[in-house]
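K.L.:
Here's the letter readout for the chains.
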Amino acid sequence: MRIIQSSEVAKRVIAKESLFILDVRNETAFEDWKIEGEQVRHLNVPYFDLLDGIEEIEDQLPKDEEILVVCAKEGSSVMVAEILEEEGYSVGYLSGGMKAWSEYLEPVKIADLKSGGELYQFVRLGKGCLSYMVISGGEAAIIDATRMTDVFMDFATERGVKITNVLDTHLHADHISGGRQIALATGATYWLPPKDAVEVIFEYAALEGDTSIQIGDTKIDIQALYSPGHTIGSTSFIVDDSYLMTGDILFIDSIGRPDLAGLAEDWVGDLRESLYSRYKELSGELTVLPAHFMIIDELNEDGSVSEKLGVLYKQNHGLNIEDEKEFRELVTGNLPPQPNAYQEIRQMNMGKIQPDEETQREMEIGPNRCAVR
Amino acid sequence: MSSTTFLDAKGLACPMPIVRAKKAMKDMQTGDVLEIHTTDKGSVSDLTAWAASGNHEIKDQQQESDVFKFWIQKG
Numbered sequence: 001m002r003i004i005q006s007s008e009v010a011k012r013v014i015a016k017e018s019l020f021i022l023d024v025r026n027e028t029a030f031e032d033w034k035i036e037g038e039q040v041r042h043l044n045v046p047y048f049d050l051l052d053g054i055e056e057i058e059d060q061l062p063k064d065e066e067i068l069v070v071c072a073k074e075g076s077s078v079m080v081a082e083i084l085e086e087e088g089y090s091v092g093y094l095s096g097g098m099k100a101w102s103e104y105l106e107p108v109k110i111a112d113l114k115s116g117g118e119l120y121q122f123v124r125l126g127k128g129c130l131s132y133m134v135i136s137g138g139e140a141a142i143i144d145a146t147r148m149t150d151v152f153m154d155f156a157t158e159r160g161v162k163i164t165n166v167l168d169t170h171l172h173a174d175h176i177s178g179g180r181q182i183a184l185a186t187g188a189t190y191w192l193p194p195k196d197a198v199e200v201i202f203e204y205a206a207l208e209g210d211t212s213i214q215i216g217d218t219k220i221d222i223q224a225l226y227s228p229g230h231t232i233g234s235t236s237f238i239v240d241d242s243y244l245m246t247g248d249i250l251f252i253d254s255i256g257r258p259d260l261a262g263l264a265e266d267w268v269g270d271l272r273e274s275l276y277s278r279y280k281e282l283s284g285e286l287t288v289l290p291a292h293f294m295i296i297d298e299l300n301e302d303g304s305v306s307e308k309l310g311v312l313y314k315q316n317h318g319l320n321i322e323d324e325k326e327f328r329e330l331v332t333g334n335l336p337p338q339p340n341a342y343q344e345i346r347q348m349n350m351g352k353i354q355p356d357e358e359t360q361r362e363m364e365i366g367p368n369r370c371a372v373r
Numbered sequence: 374m375s376s377t378t379f380l381d382a383k384g385l386a387c388p389m390p391i392v393r394a395k396k397a398m399k400d401m402q403t404g405d406v407l408e409i410h411t412t413d414k415g416s417v418s419d420l421t422a423w424a425a426s427g428n429h430e431i432k433d434q435q436q437e438s439d440v441f442k443f444w445i446q447k448g
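Sequences listed follow chains A and B, in order.
Sequential numbering of the first sequence, starting at 1, is according to the numbering used here.
Sequential numbering of the second sequence, starting at 374, is according to the numbering used here.
Some hints could be false.
As the list claims (entries may be wrong) - What the simulated footprint calls covered on chain A by chain B, stretch by stretch (three residues with Cβ under 8 angstroms from a Cβ of chain B suffice, anywhere in the stretch; the number is not a length):
| # | stretch |
| --- | --- |
| 1 | 84-92 |
| 2 | 170-177 |
| 3 | 229-237 |
What the hints assert, rightly or not - Straight-line Cα separation of at most 20 angstroms, SDA-like style, residue types lysine to any residue; simulated pairs:
| # | chain 1 | residue 1 | chain 2 | residue 2 |
| --- | --- | --- | --- | --- |
| 4 | B | Lys395 | A | Lys99 |
| 5 | B | Lys383 | B | Lys414 |
| 6 | A | Lys73 | B | Gly384 |
| 7 | B | Lys414 | A | Glu358 |
| 8 | A | Lys73 | B | Val392 |
| 9 | B | Lys395 | A | Glu82 |
| 10 | A | Lys114 | A | Glu307 |
| 11 | B | Lys414 | A | Lys114 |
| 12 | A | Lys99 | B | Lys396 |
| 13 | B | Lys447 | A | Glu344 |
| 14 | B | Lys396 | A | Phe30 |
| 15 | A | Lys73 | B | Phe441 |
| 16 | B | Lys414 | A | Phe30 |
| 17 | A | Lys63 | A | Lys73 |
| 18 | B | Lys414 | A | Gly351 |
To be verified - To give an idea of the interface, some chain A residues facing chain B are shown, with a C-beta separation under 10 angstroms as derived from the structure:
| # | residue |
| --- | --- |
| 19 | Leu43 |
| 20 | Thr211 |
| 21 | Gly366 |
Everything labelled a hint here was simulated from the structure, so no lab data went into it.
Yeah, the Cβ is synthetic: ideal placement off N, Cα and C, and Gly gets one too.
Take these sequences, add in the hints, and give me the full structure.
P.N.:
Written as structure tokens, this is what we have:
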């Protein structure tokens, strides 16, 4: 029996390799959230239905392919994998279960920057979160960091660069930000849009128009990119005059939802203004780098999530709704369920509550659901 | 008269609470109640799903600090 790490699953999902998953969580958990990929096939049978043996599902299991058994935290998948192995199947289990999958970040290099640095995207496949690191001249900036702060800090250490600036495009509601923790650990400056930070209880640097941040030789230009709508403070950045970090305002195949702070009706106008006026004034040649993806189809061949702004204006349905009333209905009336524990996550990102790590994991269970399509 | 069997599954991680519960149920009569205490958060949704899948009925469910208590009637 093989112990299969999330990193291997991530690489196989990105490479569109065939993968057969026996997911032994209960049906509700499976329906809510699972490992997705173009060539991923699932069979969901709860482990408690397999305690007496696997006869009933044998005709649904492949004989000539490795079976990846997955559960919430690992324990049940080990038990089921042992049963399968005894029956002669080729089998492995996901180390750490869906908990580990949710926390795994796959770093993908987006580009060498014109000014001599590098830009990386950290793809959190299990939850659809995207974080970024800009490296230039021995310094690094991190944008929209997730809770797994070690990944970013180790990545910087391996490259011998010092993290000097940490930025969040907005106050996140779907995942716990690692921004403040990284700033505390490294002495970096933590930037937040002040309109989202009214209730935060810690020190931060105000991220607003006319701010320009220098990372080594790379300029992160924030000027004129206040882009409210998902939250009132949502701010976009242009990195190296080429990359537009849109946060949760604009995704590849969807747009941001305006309701997670309870103010959909108030913010829908801002969202329209940001998407249909402010971004439209920018060059279509800018590469859009969002803070999320929703579906695995949004991944490029190399596992990255990005597209030219001009292409999105042609292809993204959310950018092509002429009628303002129709747009309003789409983003206020057609909303998916809200992310798990999103109110507690907002509280935590404001510094108001500090639950232990296990509770933080529980808060982040499930998909991100920050978008409307 | 139905009787109640008590199962202490505190401190046990998934899948053990349900493995033990299933084993205990085997020796019980239809209508008997299994009272089970767990501390694993995942056991809450799993016990609910397991009971439904085995046609057992959850008669009561309580939480006292970190301990989850279930009363499940064998179906």
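K.L.:
Checked against the structure, which of the hints given earlier come out wrong?
P.N.:
Hint check: 1, 2, 3, 4, 11, 12, 13, 14, 17, 18, 19, 20, 21 fail, others pass.
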